[in-house]
Every structure is written in C-alpha cells, then in structure tokens.
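Trainee: Sequence:
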Amino acid sequence: MLSGLIAGGITGAFLGLLGGGGSIVAVPALVYILGLSAKAAIGTSLVVVGAASLLAAWNYYLNRSVVVPLAISFGFAGVAGSLVGSKIAQFIPDSIQLYMFAATMAIVALLLMKPQHAQEEVSDGRESANWPVLAIGVAAGILTGILGVGGGFIIVPVLVLSLRLPLLKAVGTSLLIIGLNSIAGSISYLPYLQLDFSIAVFAVATLVFAVLGARLARVIPQERLRGAFAFSLICVSIFMFVKQY
Numbered sequence: 000m001l002s003g004l005i006a007g008g009i010t011g012a013f014l015g016l017l018g019g020g021g022s023i024v025a026v027p028a029l030v031y032i033l034g035l036s037a038k039a040a041i042g043t044s045l046v047v048v049g050a051a052s053l054l055a056a057w058n059y060y061l062n063r064s065v066v067v068p069l070a071i072s073f074g075f076a077g078v079a080g081s082l083v084g085s086k087i088a089q090f091i092p093d094s095i096q097l098y099m100f101a102a103t104m105a106i107v108a109l110l111l112m113k114p115q116h117a118q119e120e121v122s123d124g125r126e127s128a129n130w131p132v133l134a135i136g137v138a139a140g141i142l143t144g145i146l147g148v149g150g151g152f153i154i155v156p157v158l159v160l161s162l163r164l165p166l167l168k169a170v171g172t173s174l175l176i177i178g179l180n181s182i183a184g185s186i187s188y189l190p191y192l193q194l195d196f197s198i199a200v201f202a203v204a205t206l207v208f209a210v211l212g213a214r215l216a217r218v219i220p221q222e223r224l225r226g227a228f229a230f231s232l233i234c235v236s237i238f239m240f241v242k243q244y
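Quick note: the sequence shown, position 13, residue 12 per numbering that gives the first Met the number 0, numbers continuous.
Be aware that one or more of the hints could be misleading.
[Said to hold, decoys possible] Simulated DEER-style distance windows between Cβ atoms:
1) 1 <-> 190: 28 to 34 Å
2) 243 <-> 131: 22 to 28 Å
3) 217 <-> 112: 21 to 27 Å
4) 230 <-> 129: 30 to 36 Å
5) 211 <-> 71: 35 to 41 Å
6) 94 <-> 217: 37 to 43 Å
7) 130 <-> 1: 35 to 41 Å
8) 102 <-> 219: 27 to 33 Å
9) 193 <-> 99: 18 to 24 Å
10) 5 <-> 105: 19 to 25 Å
11) 0 <-> 192: 24 to 30 Å
The hints are simulated quantities; they were obtained by calculation from the structure and are not laboratory data. Ideal Cβ positions, reconstructed from N, Cα and C, are used throughout, including at glycine.
Between the sequences and the hints, there should be enough to build the whole structure, so can you do that?
Mentor: Here is the structure:
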C-alpha cells in the first residue's frame, strides 16, 4: 500500500506541476516497485495518467489556463498517433520497450536541463496549430502509444516556443492533450491491465496529487522543479539500464 501511495503521489505531483512527466515516473514505478510487466505498466500508466491529466486540466481550465480549441486540434493529431503507436507496441518485446523507455528518460532529462529563455511576445492561443506543430502532435502520440509517456516534455516546449503561449497556459493545455492521447493509447493495452489493491492506491494517489500539483504550480518556481525532476530522471534511467543489462 505504501509503495503504491508514494509512486502515485510522485507521479501525480509531477504531472500537475509540470504538465507532463507523470508517465515517465509511473512506468518504472509500476515495473520495479509494484512488479508489473512492461505492457501492463504502460497500459496502467496510460489509463491512470490520462484520467489524472484530465482532472488536473480541469483545474487549469477554471483558472483560464487551457486553450481548448488548440488542445482539441493538437490532441486530434496526437490521438491518431497514439492509436498507431499502441498497435506498433504489440510487436515490441518488453525488454526492448524498457530500454527505449530508459533512453527516452535520459533525453528528457537533457532537454529539461537546457535553459529556458523567457518569451518576449506571448499569444492568447487563439490561432490554430500549423502543420509542423500538428506533425509534432502525431509524433508525441506515437510515443505515447509505444512507451506510455504522455509527451508533455515535447508538447509544452512546442506550445511555448512555436505558438508563444505563456507557460501556465502551455502546461494546462498540455494536460488536456495528454489526457486525450493517453486514453486513446490505452485501448490496445486493455488486455494487459491488472487491478489489485496496490494499483488502486496508486491510481487514487495519482489523481489526488495531480490536482494538488495543479494548484501549487502557480506558486512554485518552475526552474527549480525542472532541475530536480531532470536529476531524478537521470538516476532512474541509469538504474533501468543497469537492471535490464
């Protein structure tokens, strides 16, 4: 019970605070702490993180920090990619999926360590996503389907740098997109899903802490969170490579 509570709390907190990162934490926790297979962990992560993302997105929406039309257009591309990715994943062995996941964690950590320059010009997000941005949405969706990661680490920078959204709006919009991608990607993983008490605790903790994280996001400096999260990802990535090797 305690392991499920801790894993779910960390997953939900990062998801609510950063608009992503929940799945990156959830899959290793479900595999190495709760003992699930890779595909069961990915399927569980998609369902739980998808639900938690939508719940956290609602909190951002109440704070006028979600651009719904943009999330729907971007998310539509992501859902298509997610369905394709989840089909591809059925042909990838669990061990290879975990290696791919560990490599993705390391890449995400490096991206998080890159200094973020403040945008001089911001947008209200009313303009539609352009084709290159939608292509990135499809790519993020494919990644969601194959590895069970929501893609927030891709989506948030794209919304900030390409569409010039303020960070808080980018995080809130990203959460809605992640929710749509994750729910779509979970369909092909339904046969692998497991449900027991520890996973139920994990799910509830993720939902609760995602909401708390969304509320705390307005008062905690993002740069400190990004640095701590990047360091954690490097450590877990090394652990996964060693464990699989």
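Trainee: Now tell me, hint by hint, if it's right for this structure.
Mentor: We went through each hint and held it up to the structure:
The supplied range of 28 to 34 Å is met by residue 1 and residue 190, whose beta-carbon atoms lie about 29 Å from each other. Taken as a hint, the range 22 to 28 Å is violated for the pair residue 243 and residue 131, whose Cβ atoms sit roughly 35 Å apart. At roughly 24 Å, the beta carbons of residue 217 and residue 112 sit within the given window of 21 to 27 Å. Separation of residue 230 from residue 129 is about 34 Å and conforms to the stated range, judged on CB atoms against 30 to 36 Å.
The supplied range of 35 to 41 Å is broken by residue 211 and residue 71, whose beta-carbon atoms lie about 26 Å from each other. Between residue 94 and residue 217 the CB atoms are about 41 Å apart, so this pair conforms to the stated range of 37 to 43 Å. Range check, residue 130 to residue 1: about 48 Å between beta-carbon atoms, so the 35 to 41 Å window is missed. Against the hinted window of 27 to 33 Å, the Cβ-Cβ separation of residue 102 and residue 219 comes to about 29 Å, which satisfies the hint.
Checked against the hint of 18 to 24 Å, the C-beta distance between residue 193 and residue 99 comes to roughly 22 Å, which is consistent with it. Hint check: residue 5 to residue 105, Cβ distance near 23 Å, so the stated range 19 to 25 Å holds. Taking the beta carbon of each, residue 0 and residue 192 are about 20 Å apart, not inside 24 to 30 Å as hinted.
This entry does not satisfy hints 2, 5, 7 and 11, going by the numbered hints stated previously.
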